[in-house]
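*Asks:* The primary structure of each chain is shown beneath.
There are 2 protein chains.
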Amino acid sequence: MGKSEYTINFKVEGGDPVSVTGLSNETALDIAKRAGVVIDAPCGGNGTCGKCRIKLVSGEVSGGKTPHITDVDTAEGWRLACGIKPASDIELFLPASAQAFQSRIRVTDFSGAREAAAFGSFRAALKELGFDGDHGLEKVNVELTAPSLEDALADRERVEAELAGKTGASRVKFSLNALRRLPLSLRSGAADSFGVTCVTRREGDDGGITVLDVLPASKDCPLYGLAIDIGTTTISMLLVNLETGDPVTAASGGNAQIRYGADVINRIIESTKPGGLERLRNAVINECLAPLIRRLCLGAGIGTEQIYRAAIAGNTTMTHLVMGVPGEFIRLEPYIPAFFKTDALGAGSLGLPLNPEAQVLLAPSVGSYVGGDITAGVFSSMIYDKDTMSLFIDLGTNGELVFGGKEFLMSCACSAGPAFEGGEISCGMRATNGAVEACSIDKDTMEPKLSVIGEAGEKPAGLCGSGLIDIIGELFQCGIINAKGKFNVAGKRIVKDEYGGQAYIVAFAADSASGKDIVLSEVDIDNFIRAKGAIFSAIRTMLAIVDMPQEAIDDVYVAGGIGSGIDIKHAILIGMFPNLPLEKFHYIGNTSLSGAYGMLVSERAAGQVAACAGAMTYLELSSHPSYMDEFVAACFLPHTDASLFAAQ
Amino acid sequence: MGKSEYTINFKVEGGDPVSVTGLSNETALDIAKRAGVVIDAPCGGNGTCGKCRIKLVSGEVSGGKTPHITDVDTAEGWRLACGIKPASDIELFLPASAQAFQSRIRVTDFSGAREAAAFGSFRAALKELGFDGDHGLEKVNVELTAPSLEDALADRERVEAELAGKTGASRVKFSLNALRRLPLSLRSGAADSFGVTCVTRREGDDGGITVLDVLPASKDCPLYGLAIDIGTTTISMLLVNLETGDPVTAASGGNAQIRYGADVINRIIESTKPGGLERLRNAVINECLAPLIRRLCLGAGIGTEQIYRAAIAGNTTMTHLVMGVPGEFIRLEPYIPAFFKTDALGAGSLGLPLNPEAQVLLAPSVGSYVGGDITAGVFSSMIYDKDTMSLFIDLGTNGELVFGGKEFLMSCACSAGPAFEGGEISCGMRATNGAVEACSIDKDTMEPKLSVIGEAGEKPAGLCGSGLIDIIGELFQCGIINAKGKFNVAGKRIVKDEYGGQAYIVAFAADSASGKDIVLSEVDIDNFIRAKGAIFSAIRTMLAIVDMPQEAIDDVYVAGGIGSGIDIKHAILIGMFPNLPLEKFHYIGNTSLSGAYGMLVSERAAGQVAACAGAMTYLELSSHPSYMDEFVAACFLPHTDASLFAAQ
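Chains as they are written, first to last, in my numbering: chain X, 15 to 662; chain S, 15 to 662.
Hints listed in this document are in silico derivations from the structure and should not be mistaken for laboratory results.
A few of these clues could be false.
[To be verified] Just the calculated beta-carbon pair ranges, DEER-fashion: (1) S:A138 / X:D220: 31 to 39 Å; (2) S:S38 / X:S18: 47 to 55 Å; (3) S:N155 / X:S202: 46 to 54 Å; (4) S:A205 / X:D85: 49 to 57 Å; (5) S:A205 / X:P81: 40 to 48 Å.
Backbone N, C-alpha and C define an ideal beta-carbon position, used for all residues, glycine too.
Go ahead and model the full structure; you've got the sequences and the hints to work with.
*Replies:* In structure tokens:
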């Protein structure tokens, strides 16, 4: 069959309509990607997640049959964008929910009380350890004798001589940016003055400096830095006054790469297609980082060129993609990244809108699935420096764990999958407005009491990770579901679902934002149990390797944006976290971002992050013989070995 | 008066027509510049050079009166593009002559016999001095054990360890480019091989190296370098195999900045207008260097990314403009450049299509009018190392002179003006096809015998610098003009010119390419005498300062593209060069380019160029009291003091 060309009109809820030509052998999702129309497709378009629901308004399509769309929905025009191809000119309606990641995502940016406290303790610890202000940047004022016919030294050489004398530098280099600004900056002051403020960076250990920028002598202009956490789902950044170390303002947003899949595997697959690597790099640099940086600077009333240093923490795949380095061997046995560490990179070569001479540091990785977000996190948690045994858990799009202390550090990643972010859950969603983030259930009436993200009176639209933990924990505690996650009892909220199992109605259609029931089915619960089982069995496997009981864990540090809403009690109740006294658990916020902050303000801290990476061994769980048994045993509520969760 | 908008159609001889909107307050030259239509305007559009002759085919214009256009010409439609503004829709015809710089310009690229000989001796001298191959670049093959689940080191760390062992490097950095290419290069060979060829550069003195590139191990790929001479008028470059030091191929072309003026002053003025600096940078980078580099590489059958190092020599203004550094204070008292020297720059930050990690060296300047072309030239001439006294003369768009040897080096620039390139000469032109480049005149018949650049039988179109020297020398020697440059005798070739003076018909209309008489008027001769007087008086002033007679000059080294065609005998005869035995004169070709070649192949040579710059004092002629007297005295044929040119 040949290809036919049709006109595809996208009507985007809350956005401008887009018209584009599409081929009869392209899916609506592919056409949308090509046209820059954002449709959330966590599974990357393979039909499994059911999130790319759009409405066919007019025209003919081929395909469309999927268990994710009921007959009623089909009649209303609902289709999955990944499952249909045009068979005529068509018009498609994109509801706001199909573009979910673009909406305001609640991330940990140190503005919440718990996060602010964690960050405050971290800063105090940094200062105590002397990781403070040794970022190598300095502002130096030089006042010069104005040139004359008798003293016709060039501007650069005139400044160089004065600067070398004043700083004792063994060597003074000038960046291209500094040379470009030098002649006018020198002559911008009063007629009788001939001076300039140099922004310098120490280079190497032999006392050399490089002049990054030259500013008019009269201008008071603090040096700024930027700490960046590039997550698979969300991106957070912190603008920092490098002279005081104080955070100035924070910003966050969704990672636009999500249109190529929710997890790193789908991103890597997309990156291997023709032009794919550049598309993914472009998505994170030009659609996310650049606009966020510009917005941040606009808000702070500074120019982007005032940012002279940046530190990025991200998982191994994210750091590959942001640099445009092929990461395809990360997902192929034996799972080899192109690099663990990087040398300082130029902002210009990365394409980031900072001062063109700014250096960008990247937190080093330890393995294909334990990246810079974790090494930065381990630094931030300070567990590397403790005589006691700590367990560090970062719950993002994936789950990474580090166990140990001063003596050893063992790290691993478990494919918890997207359930904590609402993926593979029929009414799952990310922690955005409308998400149920907490819940208690009355044992007698089975009526839930919901806490919904958003304005007061916000109607529930779906269930996010922390809400799922609460609901499943409460259903289990109330005896509404059994240890296998199956419903035990009947009631007006217990209904049959379309797959023949049962489901719990969290919110009735009349009370929900979508006008449909928000349900949690046995299939959903099963998916979630697998996710929590992956975390718990990883902990068990690590303990087994060092032959330690779970009581040996002195502290559990829970990190990650997804972790902030977690109710520890419920998480223990369902067997996700080990049954330890609650006081052993510490929520320490977005440690990827706080670790990046440490690297930003201190070269020695950056060195310590590298040392942490060097000290961490990487455990490939999938190749460990007992892991699969542990995983199967953990896929119960709370566990097949109930003694592990007996009341203490 | 308000502005009106008109449609301007340019009919370009030998090119595509261009249609653009023009305003009633814009000159045709400005409109052409904006539309990217090239019109040669050596004076920058101020009406003095008369070179931007175009033909008004239809429509009405305002302005147009100029002594450069005769009434007959006016009737034929000829106008100066800088002198007319549209008063209706207009159509303009651009003859090839108006785009002269675009045509093939004869430059010194070491292909001519004299140039090749000079370059050969220079290379031999470099080798003898050990300035050979120490460019710091190396290719290193590494063969590795392929990774496995048990040995999951990342690619970079695996190569790093092997490379450090093999080279003994104290520190191994990887460029972004190298990381981007690493994973696929490592896996491009046979299934059982896991290796790569690293292109490394030594960094600093402490044994560190940076990996610039990684190539598949099997690929035989020499390292290339590029030497570049950026002249005000022409640009030349030499592609060099860095492993052998052999030049591979050369290319040259006009400097497209010429549309903003023939001399550096007009370029600087243009650079201070809004967007002007970027326009000038763009003209030299994107219109000249980038296409020349691509053409050169295409011809050599290599990719531009195989060029790992470049060295540029150019005058002070050219180096400012190519880097995008404001040069406006070069032309304002006290004439201060932004820099003399630069640190090695990245090809990427300069916007040159080389390997993105290639370093670009620039020859350092000594003063606002003695630039890197001269320091590279002094290095190339090797006069800095001689016990004898040498005079180095570089005749390009300007004239620069260096006098001295091992003990001292004194440099100066004289505003010889554009006469050597045909500027300010009514039938003057650059040394392109059709230019009279040599001439002898029969004393009895006054008939000239012309040598014309181009194919056999090429008709004369105008007079270039070397032709002017010959014609004026012959006219003087034959007694046709007197010491003041005025005509002494009558004859069929001596006619009255339009300014009331007399002129010599070099070629009758019937024999000329333009179908018009090619004449040399007393005004032209006067302009030329000023130019040669500027050179000679500069030599005299330098000698006076060190209190030496001209006989103290042991050798005269004549450099520069314009110098290649000069007949030394005639140049002495007219009092341009000092009256020394002919064997003291050495033509040494384009030393700006050969000096850049030296910097390219040897770090120590680059260091020596910097040392030459440091050793050179800069003499500002205009501020020297005796210079003006010397200049006035030199504005005769050969000189007011005829004893200076008495037969030896």
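*Asks:* All hints are to be evaluated individually against the structure, with a verdict given for each.
*Replies:* Here is how each hint holds up against the structure:
{"no.": "1", "hint": "S:A138 / X:D220: 31 to 39 Å", "verdict": "holds (37 Å)"}
{"no.": "2", "hint": "S:S38 / X:S18: 47 to 55 Å", "verdict": "holds (52 Å)"}
{"no.": "3", "hint": "S:N155 / X:S202: 46 to 54 Å", "verdict": "holds (53 Å)"}
{"no.": "4", "hint": "S:A205 / X:D85: 49 to 57 Å", "verdict": "holds (52 Å)"}
{"no.": "5", "hint": "S:A205 / X:P81: 40 to 48 Å", "verdict": "holds (42 Å)"}
The structure fails none of the hints (numbered hints given earlier).
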